[in-house]
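Engineer: Chain residues, written in single-letter form:
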Amino acid sequence: MSGLSRRRFIGGAAAGAVAVTAVAVPGMAAAVPADDSPDDAHDDVALDETVVARVRDLRTGEIALYVGTREITHTDRTLARRLARAAAR
Amino acid sequence: MSSHREAPEISKDPVADSTDVYAFVSPDQPDTVTLIANYIPLQGPAGGPNFYEFGDDVLYEVHIDNDGDAKPDVTYQFRFTTRIRNQRTFLYNTGPIDSLDDADWNRRQTYSVTKLLAGQSPKVLASRLPCPPCNVGPRSSPNYVDLANMAIRTLPTGEKVFAGQRAEGFYVDLGSIFDLGALRPFQNLHLLPLPPAPGVNATAQLNVHTIALQVPITDLTKNGRRPTDPADPKATIGVYTSASRQKVLVREVDDDTGIGPFVQVSRLGNPLFNEVIVPMGRKDGWNASRPADDANFVGFVQRPELAALLPVLYPGVFPNLTAINADRADLVAILLTGIPAGLIPGFQNFTGTRHADLLRLNVAIPPSSSPSVFGLLGGDLAGFPNGRRVFDDVVAIELRAIAGATYPLVNPSFTPDAAAAIVDDGLSPDDLGTPYLQTFPYLGTPFSGFDVPAAS
Chain C
1 MSGLSRRRFI GGAAAGAVAV TAVAVPGMAA AVPADDSPDD AHDDVALDET
51 VVARVRDLRT GEIALYVGTR EITHTDRTLA RRLARAAAR
Chain D
1 MSSHREAPEI SKDPVADSTD VYAFVSPDQP DTVTLIANYI PLQGPAGGPN
51 FYEFGDDVLY EVHIDNDGDA KPDVTYQFRF TTRIRNQRTF LYNTGPIDSL
101 DDADWNRRQT YSVTKLLAGQ SPKVLASRLP CPPCNVGPRS SPNYVDLANM
151 AIRTLPTGEK VFAGQRAEGF YVDLGSIFDL GALRPFQNLH LLPLPPAPGV
201 NATAQLNVHT IALQVPITDL TKNGRRPTDP ADPKATIGVY TSASRQKVLV
251 REVDDDTGIG PFVQVSRLGN PLFNEVIVPM GRKDGWNASR PADDANFVGF
301 VQRPELAALL PVLYPGVFPN LTAINADRAD LVAILLTGIP AGLIPGFQNF
351 TGTRHADLLR LNVAIPPSSS PSVFGLLGGD LAGFPNGRRV FDDVVAIELR
401 AIAGATYPLV NPSFTPDAAA AIVDDGLSPD DLGTPYLQTF PYLGTPFSGF
451 DVPAAS
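Protein sequences, first through last, are from chains C and D. Take 1 as the starting number for the first sequence in my numbering and just add one per residue. Take 1 as the starting number for the second sequence in my numbering and just add one per residue.
Bear in mind the hints are in silico, worked out from the structure with no lab data behind them. Remember, it's a predicted structure, so these values are computed and weren't measured experimentally. Please note that the accuracy of each hint is not assured.
Some chain D residues near chain C, calculated using beta-carbon distances under 10 Å [what the hints assert, rightly or not]:
1) K247
2) I259
3) G260
Residues of chain D clear of chain C, computed beta-carbon distances all greater than 10 Å [said to hold, decoys possible]:
4) L189
5) P198
6) Q246
7) P261
8) A364
9) P408
10) Y436
Label-pair restraints from in silico Cβ distances [to be verified]:
11) D/G95 / C/L47: 41 to 51 Å
12) C/G68 / D/I84: 22 to 32 Å
13) D/E305 / C/G68: 41 to 51 Å
14) D/Q264 / C/L47: 22 to 32 Å
15) C/A88 / D/L117: 25 to 35 Å
A virtual CB, placed ideally from N, CA and C, is assigned to each residue, including glycine.
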């Protein structure tokens with residue numbers, strides 16, 4: 001008996017694969033310093049769930065992270081600007 | 001309608017659209033309360049090959065408040081899982097479905113039931129409980145009553161549950177009511193008159209999806225007891241249902257992913273509250289808010305739009321209603337606080353001064369041996385607005401209440417207009433086209449797609 005694919009969680013995503021989607025970036029047009037620095041090379045975090053990041057406020061760096069059934073508010077101005085920069089490309 | 005397609009956003013999301021809530025002391029099991037939450041409105045029985053089903057991505061809940069703060073003290077959660085047996089056919093079934101594990105049934109749902117008590121960790125009561133199929137027709141579901149009965153399960157913790165398709169139990173003349181408030185039996189008196197005519201039931205021969213739960217009264221009351229005195233302040237529970245979806249949806253070609261916390265998209269306590277009390281611009285917000293915050297909507301109950309419209313639509317028929325120039329404390333009591341002791345002999349379902357749209361049931365009042373579809377207005381203390389039974393004529397009851405029939409409860413000097421005692425849409429349970437059941441889950445056998453619509 002097969003599962004119902006269209007309503008299925010992405011449970012089959014490879015462990016460690018992090019899908020980060022930035023949506024609804026208010027104020028994204030604001031000047032963002034050029035920063036092409038790569039992601040941390042020493043990432044020891046494993047994650048087998050999809051993560052969605054929503055930059056709530058570019059100025060303060062407030063980011064909403066959605067994972068599983070949780071919503072986490074994370075404040076990181078540098079990360080917020082990186083996401084905005086990536087989304088503006 | 002009671003709450004079918006009652007708000008702009010939820011009308012686009014029928015799987016999460018709550019249509020009716022019922023709560024009553026079970027007539028055949030009076031030490032229990034039956035709680036029913038219906039979803040997926042206006043199902044044409046022939047709607048295949050993708051017949052109706054609950055949403056795997058929806059969190060369905062039935063909430064009970066038992067201490068008057070309008071916050072859930074007991075919640076039952078229902079989550080559904082759909083499985084396809086054969087991906088290579090377009091058919092719902094490839095032969096007669098004779099059992100709930102029949103190999104010919106290609107697309108089936110199971111569900112889990114989780115109980116939450118305030119301040120405690122959730123407890124999964126059961127999982128992989130089967131839903132029955134939809135009633136397709138005599139070839140596909142030849143013994144439908146037996147199939148549906150197989151899906152009634154008693155949990156180890158004592159609750160009886162059922163989740164699946166049922167015949168619609170709510171009756172209303174939508175076509176007339178939403179044509180500028182016309183009531184066919186009285187439409188000769190309408191501002192734009194037509195000859196009087198019998199009501200036409202817009203929900204006749206349609207189905208819904210039902211979540212039904214029969215629970216020992218002692219599981220629901222504040223003190224864990226079964227009250228016998230209707231005056232007992234702990235005898236009344238407040239009930240509502242809600243449906244929630246995850247905050248983020250990521251659509252892919254072959255997979256949709258729900259992510260984040262569940263947020264409420266639909267709720268329902270008293271019938272018709274969001275439908276005819278809450279104005280268009282606030283309906284979606286009401287669906288997303290909690291009963292505990294219903295103070296935000298009390299003004300619409302105190303001065304209901306419909307009470308002002310009736311005298312305009314029916315000139316000269318409601319002079320006494322027109323003369324009321326005060327907040328409708330009777331409607332606030334019926335819909336938002338419960339009716340305090342002292343207004344109706346032998347009755348109260350007051351839960352305190354907090355305004356909240358909850359279906360309030362005094363569980364100390366036993367089932368009626370001669371029920372009236374008009375509930376309290378018909379002198380039947382076991383009927384709406386003391387909870388709600390499947391057959392209660394909530395359209396007539398609320399229409400008459402808004403027309404002024406209940407205003408003497410708070411203003412004994414008021415004389416209702418003669419029309420307030422008789423106004424309705426001209427319908428009765430006979431207009432449904434199928435009987436209710438006398439036992440759990442009480443709503444009738446769903447109409448089959450083969451039979452409805454009928455050959456002309």
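Engineer: Which of the listed hints are not met by the structure?
Structural biologist: Numbers 6, 7, 15, in rising order.
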